[in-house]
Amino acid sequence: MGLPIEILLVEDNEGDIILTKKAFERGKIMNRLHVVKNGQDALDFLYKRNGHEDVPRPDLILLDLNMPKMNGQDVLKDIKSNDDLKMIPVIVLTTSNADEDILKSYQLQASSYIRKPVDFKQFGTVIQTLQDYWFTIVKFPSKN
Amino acid sequence: MPSLGKILDYFLSEKFNQAPENKRKGRTVVLLFLFIIIGTFIMWLSSFNIETTNNFPFGSAIVITLILLFIFRKTGSFHISGHLLGGLIFIFLFPVCLGTGGLYSDDTLWLLLGSILSFLGGNKWTGLIWSFITLSALGYLFYLENLSEESMIKDALIFDSKYYYFSISFLFFMILATIFIYENEKTKLIKALGTKRNELENSNRVLEKKVKERTHSLHSSNLQLQRSNADLEQFAYAASHDLQEPLRMVGNFVQLLEEEYAEKLDNDGKSYINFAVDGVTRMSSLIEDLLQYSRVGRKGLEVEYVDLNDILEEKLKNLKNLIDSKNATIRVDVLPKVRCIPRQLGIVFYNLIHNGIKFNNSDSPVVRVGYQDKGDEWLFEISDNGIGISQSYKEQIFELFKRLHAKEEYSGTGIGLSLCKKIIHHHKGDIYFESEENKGTTFYFNLPKKLVIENSTSE
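Chains as they are written, first to last, in my numbering: chain A, 1 to 144; chain B, 1001 to 1459.
Some hints could be false.
Beta-carbon label-pair distances, calculated as ranges [stated by the list, open to error]: (1) L3(A) - Y1272(B): 39 to 45 Å; (2) R49(A) - S1220(B): 27 to 33 Å; (3) V126(A) - N1438(B): 20 to 26 Å; (4) Y1272(B) - D83(A): 50 to 56 Å; (5) H34(A) - E1245(B): 18 to 24 Å; (6) R57(A) - Y1272(B): 43 to 49 Å; (7) V126(A) - R1227(B): 37 to 43 Å.
Worth flagging that the hints you see were computed from the coordinates, not collected in a lab. From the three backbone atoms N, C-alpha and C, an ideal C-beta is built for every residue, glycine too.
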């Protein structure tokens, strides 16, 4: 595993950005976390435009739902309607179970959901499990 | 004779109608006697006139009075029955005519006038009867005129016939007076009935109006209630959702502080952090439960036909830690397939089983899940061998945030059973329990087999 895993975090909350960074820093797997703070920037990143021409294609997207301007649902809708981008696994960060319900009711399928934790230790464990799952057990569909 | 008019006036006034019944009867009898006395008096005066052959002014005076009475009646000064007027005219007029000189007297004209007046004053039948009596009287007078030249016999016959006609007219007058009284009573009764009917109609109208008003206000308050319910759900959702954010920041960063600055904290500092994390965790589960509670009626959750065994299996997996730690046994019957919102019914089973284990001091807690087929509905029962619940709490226990124990004794947010109740009500069922303290509790809830839940609450 020579190359680091490219992760795109779409999150507007500074605190959550730090927490996610911390959790990934503690992970066993080398990764590079790219952060964008709203939905529009996320799409620019994915389509490599408006100052994001040199970014790598992410292997995994962590998507927050509640964001100003363009929210997570719209980003997810866009990703899932693009034949190329829809192969990238999207993990939705939710605040409550209710978010998951809403997302499901819009029939937008995310690869997985992670509840943003109150308990940091628990969050660390979840991220760890996630890493194990996505990067070691499942050989996720990278570019086919 | 203004007094006669007054007397008649009184008898036809409201005052007389309002008098008590026995007084009315008495006064009517007095009136009749008065008529008889007057009539007899007039007759007596008339019989005098047979001897004194001159014209007597009484006849004209009485007829004028009667005409005045007739005019009063027509102008509405007072209402006198046509029958009675006709009778009065005849009873006063006829003897006078006879007394004042028979057929050849000028007063014969008054007799004819009386017939015409009774025609005009009374109804046509009364008029006809009076005319008939008048004509037959005239005919009889003609007959008497031609019968004999002898004045003694003639006078005697005239005298006889005077009594004869007086009796007939008196009898007829009595009949008419009775009719008058009867009619008067009838009119009064009809009037009273009419008033009552009006009152009834009025109160009906008022009632109808009130019902309409009430229905309207009920309808609008119902709308208001629906609106405020929707608002409340919206509010609870937004509030609990937005409350989670800052809470997570506090919880996470306090923990991060503990981890990254551990060497700088003494034991007190670490225990403070523990308190903070504990508080945040509890607050978070409160908010999460409240959020769930507020979302029970929301749309977007469809009723599905699901195998309850699958739901139970999943929930028991979630309960595994608790089951193991309390050394509990869960016995679940093979459950039916039902129509429900799977996730919500899952919460109910989870909470009830969870409570059965939690509120249980037995060395080996047992929770049993079973059901009965009740035709149109399913009746589920979840029983345990736990601490039991006093019947005095049978309503309270379903109230939001209602706890029967200190949180040190049994943890929890106090929302579980309220949530169950709200979900079961949303499923058009009911939830209740039977319990014996220190023996155990059985919770029952029913579920209609043909469940339909309309998405009424707005998002």
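Note to self: Let me make sure I understand: some of the numbered hints might not hold for this structure. Which ones are they, in numerical order?
What the structure shows: As far as the earlier hints go, 2 and 3 are violated by this structure, in ascending order.
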